[in-house]
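Model the full structure from these sequences, guided by the hints.
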Amino acid sequence: MSEIYDIGYRHYDGPRLGRGYATRALAVHSLRGVFGLGRTARSKIMPFSLATIMLLPAVVSIALMALAQQRGIPYSGFAVVMQAVVAIFLASQAPTVVAPDLRYRVLPLYLSRPVAVAEYITAKVTAMSVALFLLVGVPLTLMYAGELLIDLPGPPPTKEYLGSMLMTLVLALLLSAFGLAIASFTPRRGLGVASVIAVYLLSSASVPVIYGTLYSAGNEDAAAWAWLANPFWLVDSVQSWLFGTPPHSIESAAYPSGPASLAILVLLIAAGLLALALRYRKAASR
1 MSEIYDIGYR HYDGPRLGRG YATRALAVHS LRGVFGLGRT ARSKIMPFSL
51 ATIMLLPAVV SIALMALAQQ RGIPYSGFAV VMQAVVAIFL ASQAPTVVAP
101 DLRYRVLPLY LSRPVAVAEY ITAKVTAMSV ALFLLVGVPL TLMYAGELLI
151 DLPGPPPTKE YLGSMLMTLV LALLLSAFGL AIASFTPRRG LGVASVIAVY
201 LLSSASVPVI YGTLYSAGNE DAAAWAWLAN PFWLVDSVQS WLFGTPPHSI
251 ESAAYPSGPA SLAILVLLIA AGLLALALRY RKAASR
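In my numbering, the protein residues as written are 1 to 286.
Source of the hints: derived by calculation from the structure; they are not laboratory data. Since this is a predicted model, take the numbers as computed values, not measurements. The reader is advised that the hints may include incorrect statements.
Per label pair, the in silico range of CB-to-CB distance [said to hold, decoys possible]: (1) Ala116 with Ala260: 32 to 38 Å; (2) Ala41 with Ala194: 20 to 26 Å; (3) Pro15 with Ala68: 57 to 63 Å.
For each residue, glycine too, the CB sits at the ideal point set by N, CA and C.
Below, the structure is given as C-alpha cells:
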C-alpha cells in the first residue's frame with residue numbers, strides 16, 4: 001500500500017524573468033569563472049598574472065612617452081605583439097568555461113529550463129569574448145589615457161585607438177568561438193588547454209615557414225595569403241584595410257586584399273560558432 005508524504009515543496013509564485021535574464025546570468029557566472037572570482041585563490045593566479053603582464057607594455061609605453069616624448073607600441077599592433085600572452089590566456093581559461101558542465105554532465109539541467117542551446121552558447125561566447133576584450137582593451141585604453149595626459153606634440157591618434165578597440169572586439173569574438181569549440185571536445189581541462197595551445201602554436205609556427213617557402217619560390221601573391229592562417233594577423237589584415245594602419249606581420253609584407261580577409265574572418269567566426277552549436281546539440285542529446 002503506497003503513501004503520500006508532504007515534504008514541503010511549494011509552487012513558485014515569484015516573477016518569471018525569462019530566457020534573456022537566464023542567459024545574462026549564465027554569461028556573468030561564466031565571466032566570473034574566467035577570472036576565478038568566487039573560486040579558490042589558485043584559480044585567480046593565472047588570469048590575473050597574465051592580465052598584469054599585458055599591462056606592463058602599456059606602463060613602459062607611458063614612461064617612454066613621458067621621458068622621451070615618443071610613442072612605444074602602436075595601438076594597432078598591440079594585440080599582434082602580445083599575441084602569445086593572449087593565446088595562453090585563451091588556452092588556460094577557455095576550458096574553465098565549458099569543461100565543468102561537460103565533465104559533470106549538468107548541461108541537460110541547464111537545458112531543462114527555458115534556456116536553449118543557442119542561448120547557452122551565446123552566454124559562453126559572450127563571457128569569453130568580454131574577458132579577452134578586457135585583457136587587450138584595458139592596456140590600450142591605459143596607453144591612450146596616458147598619451148592624452150602627457151600631451152605629446154601633434155593630435156592624439158584617436159582614430160587608430162578607436163579602430164584598435166573595434167578590432168580587439170572582433171579578435172576576441174574570433175578567438176572565443178574557436179577556443180571554446182576546441183576546448184568543448186573534451187571534458188578534461190588539461191586536454192582542453194593542450195588542444196587550444198597546440199592549435200595556436202601550429203598556426204603561428206607554420207605561417208612563417210609557408211610564407212618563406214612560397215616567397216623564395218617567387219610566388220609573392222600566394223605567400224601573402226599565408227599570414228591569414230594566424231588569427232592575429234588575419235584581424236590585423238582587416239584592420240590595415242579598414243583603417244589604413246601599417247601591417248604588423250613579421251616580414252612587414254603586404255596582406256592580401258582587404259575584402260578577402262574580411263570574408264575569411266566572417267567565415268571563420270561562423271564556422272567556430274557552428275562547431276560549438278553542433279558539439280552542444282550532440283552533448284545535450286545524451
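Hints, one by one, checked against the model:
Range check, Ala116 to Ala260: about 34 Å between beta-carbon atoms, so the 32 to 38 Å window is met. Remark: the range hint 20 to 26 Å for Ala41 to Ala194 is upheld by a beta-carbon distance near 24 Å. Between Pro15 and Ala68, the C-beta spacing of about 59 Å keeps the proposed range 57 to 63 Å intact.
In summary, the structure agrees with every hint in the numbered list given earlier.
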